Amino acid sequence: MFDKIKRFLIGRPMKSTEIEGEKLGKLKALAILSSDALSSVAYGTEQILIALMAVGVSALWYSIPISIAVLGLLTILIISYRQTIFAYPGGGGAYIVAKDNIGTSSSLIAGGALLVDYILTVAVSSSAGTDAITSAFPALHDHRVAIALIMIIFLTIMNLRGVTESASVLAIPIYLFVVSIFFMIGYGMIKYFTGGAVMASHEIHATVSNVSLFLLLKAFSSGCSALTGVEAVSNAIPHFRKPEEKNAAATLMMMGIILGLMFIGISLLAYWFGAVPNPKETVISQIAAGTFGRGGMYYFIQGITAIILFLAANTAYSAFPLLSFMLAKDKYMPHMFMVRGDRLGFSNGILFLSTFSAILVIAFEGHTESLIPLYAVGVFIPFTLSQFGMMLRWIRLKPEGWVVKLVVNTIGMLTTLSITLIFITTKFERVWIVFIFLPMMVYVFHRIRTHYDNTADQLRIDLEIDKPIAKGNTIVIPISGITQVVKNTVSYAKTLSDNVVAVYIGFDDEGIQKMEQKWEQWNPGIRLIVLKSRYRSIMRPLMKFIETVEWKKAEEDHITILIPQFITKHWWENLLHNQTSIMMRAYLLRHKDVIVTTVPFRLKK
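Add 747 to the 1-based position in the sequence shown for our numbering, that's all there is to it.
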């Protein structure tokens, strides 16, 4: 049943040779890897306005120069990451750059921050998409968490089906969003310049002189949330068709141009139409209403915005599993993240991402503004480390034209470092947890690496010296009575060794005497050892006996514990029986240097 449901949801298993067919062309890659960055225009301008509203509506004029400054930073980042793509065509972005040029700890900080960023991407995107829906349909406001969780489940299933299939389906609404936003910007500008729109009040268009530098920096850092997701293309170069780096660089440039134009257009319309932050209605909703009125086009814009905000999470579903794979390959994350699923995707990474994102949505009750500061800090730390790593690379290698490249990355590093510090300074009460969580992640990464290194040291053999040693086999069979299960186990044990003993643990003299009489009558050809338990414990006397056997036989014999176990016909029937054999197996494997084997006997009815 489970297999049928799995096949229905994610499709047939794919052969390993089909991996090349899972690569993305530029148009599909632009949709999948840019959905996070492109969708951020739906809340980037709003975050600037929220910060400026601390002074009042008269301060909203500053949203325009701040938006232009954000646009300048976007240009720097696009040029910088384009250089990264050609320098590191294997992908990995900030993690690989920092690892190659700065050091292990810096690379783990970058990798950990990116992993957190991708988890937050899914949580923020699903929450922001829910905001768009509840703006159009206020009655759904109390169900925001459930709506976000349903979308996370949908994206999980789509991505488990494979990169190409999810790209084919999800590219359509993403491009519809881009077209509709450009149409709204164009139509809104025509309406503004022809005087056909309801303009903002004179108070909003007035400038104020009491706006502090601190507030402007806070608004600027808030607007930089629109730049999250810019690094995704450089992280996911292996997803592209050949030539990977050229296709990735072209996709990055297209994304930068589209993102820049949409962001500045929305900022202008928000200012011209006097959009003001409102907990019940997003800025995009207000712009659409001012441009088209609350008719069919308005609801189309709201619907497609909600969809793109949900689908923005798909960037994380493309990048998180790939980064997890790279960290796991370097032994900093569990090896399960290197395993490809039935559809050739890193399914464990996808499921891990979905689970933790859902936990965040529930914990924050779907409130986007609570998540965005953490989200932005998580991405600007890797931005800074990536730029600094590229600076060191150009200084070390000095390739042709390295001075210009160094200047570009230096400007990028200084800018992103400034934004990071601004975020920390202006929103410390919301981002302080990063300074606890990131060091903890780096510590966990190091512990995982230490474990794998220690395991490898202990498992490694010298092919010239370490040869298998021939030993005998002493077999111990714990029994609770004489049954078909015990008969089956004794029969199997006799095929392995002549040195077999059965161990019975009794609680009273009468029960022990009956067992000895029945065993003598049955006479299976092996010795029965009877142990008396004074405290009704099976494990304690059994462990003492095994320790005695270990002490006497360890040098000359392997010690094998054969555990008889019957298997019920129906799963629920297991609940009707003691699971002593399972507990015994778990304890022995954990605490004793013996071989533990379960000998099953299947019940037929």
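Read the hints as simulated data drawn from the structure, not as lab findings. Just so we're clear, the structure is a prediction, and the values are computed from it rather than from any experiment. One should not assume that every hint holds.
Unchecked claim - Restricting the straight-line Cα-Cα distance to at most 20 Å, the calculated cross-link-like pairs of lysine-lysine (PhoX-like) are: (1) K773 / K993; (2) K1234 / K1214; (3) K993 / K770; (4) K989 / K773; (5) K989 / K770.
Each hint, compared with the structure:
1. K773 / K993: holds, 10 Å
2. K1234 / K1214: Given pair K1234, K1214 is violated - Cα atoms ~36 Å apart, limit 20 Å.
3. K993 / K770: holds, 14 Å
4. K989 / K773: Since the Cα atoms of K989 and K773 sit roughly 11 Å apart, the hinted pair holds (cutoff 20 Å).
5. K989 / K770: holds, 9 Å
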